[in-house]
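Heads up: the protein sequence lines correspond to chains A and U, in order.
My numbering puts the first residue of the first sequence at 13, with every later residue one more than the last.
My numbering puts the first residue of the second sequence at 13, with every later residue one more than the last.
By construction, these hints were calculated from the structure, which means they are not laboratory data.
Watch out, some of these pointers could steer you wrong.
Note that the list lumps identical chains together, so a pair holds whenever it fits in one copy or between two copies.
To be verified - Lysine-lysine pairs mimicking DSSO-like chemistry, simulated, CA-CA at most 30 Å apart:
| id | residue 1 | residue 2 |
| --- | --- | --- |
| 1 | Lys14 | Lys213 |
| 2 | Lys213 | Lys159 |
| 3 | Lys169 | Lys20 |
| 4 | Lys200 | Lys162 |
| 5 | Lys213 | Lys169 |
| 6 | Lys162 | Lys213 |
| 7 | Lys71 | Lys200 |
| 8 | Lys212 | Lys156 |
| 9 | Lys162 | Lys14 |
| 10 | Lys197 | Lys159 |
| 11 | Lys98 | Lys14 |
| 12 | Lys71 | Lys14 |
| 13 | Lys213 | Lys20 |
| 14 | Lys169 | Lys156 |
| 15 | Lys14 | Lys144 |
| 16 | Lys20 | Lys144 |
| 17 | Lys159 | Lys98 |
| 18 | Lys212 | Lys200 |
2 protein chains.
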Amino acid sequence: MKIVIPFKARNPKSRLSNLLNEEERVNFAKSMLLDVIDAMPDMEILIVTPESIDIDFDKVTAKNLRVLIDERSLDDAVNSLIDEEKEIAIIMSDLPLLNREVVDRFFNEEADVVVAPGRKGGTNMLLVRNSKFRVSYHYGSFFKHVKMAKELGLSCKIFDSFYSSIDVDEESDLLELLLHGEGKKSWKFLIDRGFRVEFKKDPVFYKE
Amino acid sequence: MKIVIPFKARNPKSRLSNLLNEEERVNFAKSMLLDVIDAMPDMEILIVTPESIDIDFDKVTAKNLRVLIDERSLDDAVNSLIDEEKEIAIIMSDLPLLNREVVDRFFNEEADVVVAPGRKGGTNMLLVRNSKFRVSYHYGSFFKHVKMAKELGLSCKIFDSFYSSIDVDEESDLLELLLHGEGKKSWKFLIDRGFRVEFKKDPVFYKE
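Construct the entire structure; sequences and hints are all you get.
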């Protein structure tokens, strides 16, 4: 099993621009990547990125870690890796609420294709055990991936998880990280910058 | 095991007022309640509501169904039921993406208290096997329920599910129902009123 984590360090998380400047968003994205790596089991991990990245991987416990620079599109980069592997997991880098229990449950699913949905029809985690499978990460990828598995005659399991469904893209997602992420590197990043949760009728966050 | 589903028919889902008038919101809330009932196993189901409701329960397959009118607050009504039962599940009525597989997994958890989080710190499903437990459904109820279990020395399990995390309260939740709810009564309610999903970079829904 190989674990692939795509990562883009240039102008990431632009929908958070009202709250964090570009340098902060880069560091926030890196802290989420480290949280994702922290949640992974002791397997081969490949960070796939379009350009070289400057991250101190000593901060994470995972040892079997490599960075692969691939300038092609996300789909092309991932599909060429699927060609080479009998069993490959593609995990998004903005899932800071992942933990080992969730990830173990995911890896223990036995279908040819396992798809973990995010909000808005996205695919947050994907496990592929057939090299004919192709990814297509835009415009409702969750449904495209389920459909593709069926068309290829592959067994497909939908992985049902709240924690893996939270990809941090917009302000409402920050609230979930602040609520559920205590102790995570990305949670600490936000707390250090003054983010706090206040429970009104619904909770809101603010920046001190 | 008794299943309790709190339901309020008066001016429900007010955050959807821009899209649905009050009569539509009442019918939409009822259709979600029926979807929740459809997902339940063959156990005793109690609909708890502050005033009498007009619902055609023949539309659902569940047979062992009663309506209890309790004018007190949600917390008081539920807590008095917890007093009487060794094993009780409280399931919110606005979780149309529940299905039998998710619910079975939930009921099979073995802790004294099982809590399924919703977005914004809410508690969407709760399983209580100790009559000392008290619910408190506002201002971050998920964290209050986890804390209360610990303070009472009860074992507590967090139930990790995307489908049970989607309580339909606001417009962004409608999108999730439209995306994942095909065939549900509440999904059909929206489709019949012209709601459609369009995949742009992110999917949006519109009303024809």
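Results of checking the hints against the structure:
no., hint, in the structure
1, Lys14 - Lys213, "between (44 Å within a copy, 29 Å between copies)"
2, Lys213 - Lys159, "between (40 Å within a copy, 19 Å between copies)"
3, Lys169 - Lys20, "within (28 Å within a copy, 35 Å between copies)"
4, Lys200 - Lys162, "between (41 Å within a copy, 24 Å between copies)"
5, Lys213 - Lys169, "between (37 Å within a copy, 25 Å between copies)"
6, Lys162 - Lys213, "between (43 Å within a copy, 24 Å between copies)"
7, Lys71 - Lys200, "within (14 Å within a copy, 49 Å between copies)"
8, Lys212 - Lys156, "between (39 Å within a copy, 14 Å between copies)"
9, Lys162 - Lys14, "within (23 Å within a copy, 38 Å between copies)"
10, Lys197 - Lys159, "between (36 Å within a copy, 23 Å between copies)"
11, Lys98 - Lys14, "within (9 Å within a copy, 46 Å between copies)"
12, Lys71 - Lys14, "within (21 Å within a copy, 48 Å between copies)"
13, Lys213 - Lys20, "between (36 Å within a copy, 17 Å between copies)"
14, Lys169 - Lys156, "within (14 Å within a copy, 33 Å between copies)"
15, Lys14 - Lys144, "within (16 Å within a copy, 47 Å between copies)"
16, Lys20 - Lys144, "within (26 Å within a copy, 50 Å between copies)"
17, Lys159 - Lys98, "within (20 Å within a copy, 44 Å between copies)"
18, Lys212 - Lys200, "within (23 Å within a copy, 33 Å between copies)"
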